Amino acid sequence: MLACTIFLSLWFWLASGAVVSYPRPAIYNKSAKYSLKVNGTYMYTVSYAGYDYVQLTMDQGHATEFRIAVVQETSITSYNISPKQLPIHATTDGNELVFSLVDAHYLIVTINDVKEFVILIDPPEVNPPSSSGSGIFNVLDYGADSTGGSVTSGIQQAMDAAAGSPGSTVYVPPGLYYIGNLLLRDKTSLYLAGGSVLRFTGNSSDYTTLFTKSGVGPGTWWIQTEFKSSNIKVFGRGTIDGNGYYSLNTHTFIADLLVPVDTTGFQFDGPLLRDGSFWTVTPIQCTNASFKNLKILNRQDVGQDDGIDVIESIDVTVTRAISIALDDSFSTKTWPYDTGTTVPYPNPPQPLSNVVFDDCLAWTVCYGYKIGQGVYTSQDSVIFKNSVVYNAAVGLGIDHRYGTSYVNNVIFDTIDVENLSGSNAGHATWLALFVESEGAGVGPISNVHVTNIRVRNEGMYNGILVGYNSSSMVSDVTFTDIYMLANTTPATTLEQMKILDISQTSGIVVLG
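Residue numbers for the sequence shown follow UniProt numbering, so the first one is 1 and each next one is one higher.
Simulated from the structure, these hints should not be mistaken for laboratory data. There are no misleading hints in this set.
Derived pair list, reagent style DSS-like, types lysine-lysine, alpha-carbon separation capped at 30 Å: (1) Lys292 to Lys115; (2) Lys115 to Lys33; (3) Lys233 to Lys385; (4) Lys385 to Lys84; (5) Lys213 to Lys292; (6) Lys292 to Lys84; (7) Lys228 to Lys187; (8) Lys292 to Lys385; (9) Lys37 to Lys115; (10) Lys292 to Lys233; (11) Lys228 to Lys213; (12) Lys187 to Lys292; (13) Lys115 to Lys385; (14) Lys292 to Lys30; (15) Lys84 to Lys498; (16) Lys84 to Lys37; (17) Lys228 to Lys292; (18) Lys115 to Lys84; (19) Lys233 to Lys213; (20) Lys37 to Lys292; (21) Lys385 to Lys498.
DEER-style ranges, computed between Cβ atoms: (22) His62 to Gly94: 24 to 30 Å; (23) Gly148 to Asp113: 33 to 39 Å; (24) His89 to Asp186: 46 to 52 Å; (25) Ser421 to Thr77: 19 to 25 Å; (26) Thr252 to Asp93: 47 to 53 Å; (27) Asp206 to Ser470: 51 to 57 Å; (28) Thr209 to Gly439: 23 to 29 Å; (29) Asn419 to Gly439: 32 to 38 Å; (30) Gly426 to Asp301: 19 to 25 Å; (31) Asn29 to Asp93: 22 to 28 Å; (32) Thr74 to Thr209: 49 to 55 Å; (33) Ser421 to Asn112: 16 to 22 Å.
The structure displayed is predicted, hence computed values, not measured ones. Backbone N, C-alpha and C fix where the C-beta goes; we use that ideal spot for every residue, glycine too.
Generate the whole structure from the sequences, applying the supplied hints.
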């Protein structure tokens with residue numbers, strides 16, 4: 001309780017100004033590479049595998065000064081701030097990089113070739129709940145262990161109690177909570193206060209095994225919605241920690257971290273998800289779901305740790321998001337019935353339509369923005385827009401590898417491909433639209449619009465427009481305003497866009 005009081009005191013002290021820095025949980029170490037001062041106040045940095053990070057909230061509409069120090073350096077000889085397109089004008093002062101922001105952004109910063117520093121800046125919370133009062137179910141009142149000393153059932157008990165009063169909120173104060181499977185109940189909200197951590201134990205005996213992923217092993221849905229539910233919300237500034245590297249490598253056990261499934265009107269706003277062992281956020285067979293201020297920080301030494309995969313869902317929006325992973329950052333998929341990972345799905349395969357990814361930042365070893373590989377039911381009207389690829393093997397793609405249904409009406413609009421490196425399954429390019437067969441059927445890709453794309457790095461290999469046969473073609477693809485490398489005028493041919501692998505296509509148009 002004393003630690004909780006100290007955390008809250010620090011939170012309120014920093015919240016009195018224009019910036020909120022959330023307490024660093026004791027299980028995480030301070031960054032040894034970077035420090036950050038915002039308006040003269042040090043933030044709580046976190047050391048992590050492959051990159052370090054910091055999470056904070058700032059008021060918008062006026063200049064806020066950021067000073068990033070490279071603590072083991074005496075001077076700065078080079079730096080990069082991503083997204084590059086932001087109007088950030090930085091200067092150096094000894095070993096500090098100095099700039100001001102008027103609006104909140106998610107940034108990836110490198111200085112002197114030191115590992116990346118991810119700065120997660122959110123706008124202020126809107127009407128955060130009190131820790132007690134009418135309609136509030138504080139998990140501490142249900143015996144939840146906030147010290148991390150045991151696997152606690154108090155959060156589920158609070159959730160079950162809240163379900164008896166629709167519209168209630170389960171409040172998780174700062175602290176460390178090891179929990180088993182958590183079922184989010186109909187018409188309830190889960191609020192994670194800044195400084196709170198829900199952590200996966202990694203031990204399969206603490207969970208219900210729901211599926212087996214071929215080539216990987218058994219797994220579970222860690223935090224999922226109740227079937228046939230509606231109006232569930234997960235929000236706040238706490239952390240959902242999948243403990244994935246440990247879980248996968250010590251226990252060969254994996255988990256989807258957050259699974260809104262068979263639910264309507266689901267909302268997500270703000271918590272940080274980290275260290276996934278498998279697909280991190282998977283809205284499955286949902287309708288009318290929204291995700292904003294979504295922060296997925298996975299390691300890049302854990303395979304198949306996709307960021308967010310929208311699966312067989314309708315009317316889903318992902319807005320203002322960052323996804324760092326070894327596997328795909330942002331994707332959509334449809335799968336076969338009752339097979340492997342789909343065994344726990346509550347309904348037969350559903351179509352996917354009207355999915356929008358807007359204002360996203362991708363960093364991956366695989367695809368930044370992708371449809372596929374599963375296309376067992378149709379995928380229609382998917383939009384990726386106003387987004388950035390910090391680094392990937394493939395920037396934008398449709399990989400129709402499994403299934404016989406179609407992909408139709410896809411838009412890639414206003415995307416900045418900053419860097420490409422490495423390859424994924426032999427592909428290394430800014431754009432790959434293709435149909436391939438792995439013995440599970442093929443299907444067509446049609447009506448794709450690729451518009452206003454800045455390609456700063458073309459990738460090692462050619463771009464791809466490849467169908468499979470006359471009935472499974474890539475057709476009606478329109479390119480408009482594609483700016484290659486440093487060119488200030490758009491490309492007018494496929495050759496200028498380095499799209500040279502072309503077969504089984506029709507209706508390819510370059511408007512310039």
